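Asker: Sequence:
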Amino acid sequence: MHRFKQLEVWKKSRAFCKHIYKITILFPESEKFGLVNQLRRASVSVPSNIAEGASRKSNKDFARFLEIAIGSCYEMETQIILSNDLGFIDKKTCKLVLEDLETIIKMTSKFKSTLK
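Numbering-wise, the sequence shown is residues 1 to 116 according to full-length UniProt numbering.
Take the hints with a grain of salt, since some may be wrong.
To be verified - Straight-line distance between alpha carbons at most 27 Å, and here's what the computed DSSO-like set of lysine-lysine pairs gives:
#1 LYS95 x LYS12
#2 LYS12 x LYS60
#3 LYS22 x LYS60
#4 LYS95 x LYS57
#5 LYS18 x LYS106
#6 LYS110 x LYS60
#7 LYS60 x LYS5
#8 LYS92 x LYS12
#9 LYS57 x LYS91
#10 LYS112 x LYS18
#11 LYS5 x LYS57
#12 LYS12 x LYS22
#13 LYS95 x LYS116
#14 LYS91 x LYS11
If you are wondering where the hints come from, they were derived from the structure by calculation, not from laboratory data. This one's a predicted model, so the numbers in the text were calculated from it and none came from an experiment.
Please construct the entire structure, taking both the sequences and the accompanying hints into account.
Answerer: Laid out in structure tokens, this is it:
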């Protein structure tokens, strides 16, 4: 078992989640049950799956949860791009958020590869 609170990828994904919450506060009220909900749920999913996977006894199980976290990252990537397309976030914010997300994807993928 791993101590998830000590994992840099968990810390970074948790901070990213907080950032998503701050960004989506500015979305239109009509998106409360649309993109806001989807983005927030996917952002919470990443550190949550890292934490849940860390509790597993085998590295194979942990790797499976990291794969789910990566899937949530790609889900968010699409939602962030759509948010920019719809004018809910500007180009600069979109670029910065996607760069942070790419870092999390790379960190998670690299960590996952060490579990084999």
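Asker: Taking each numbered hint in turn, which are not upheld by the structure, reported in ascending numerical order?
Answerer: 3, 4, 9 and 13
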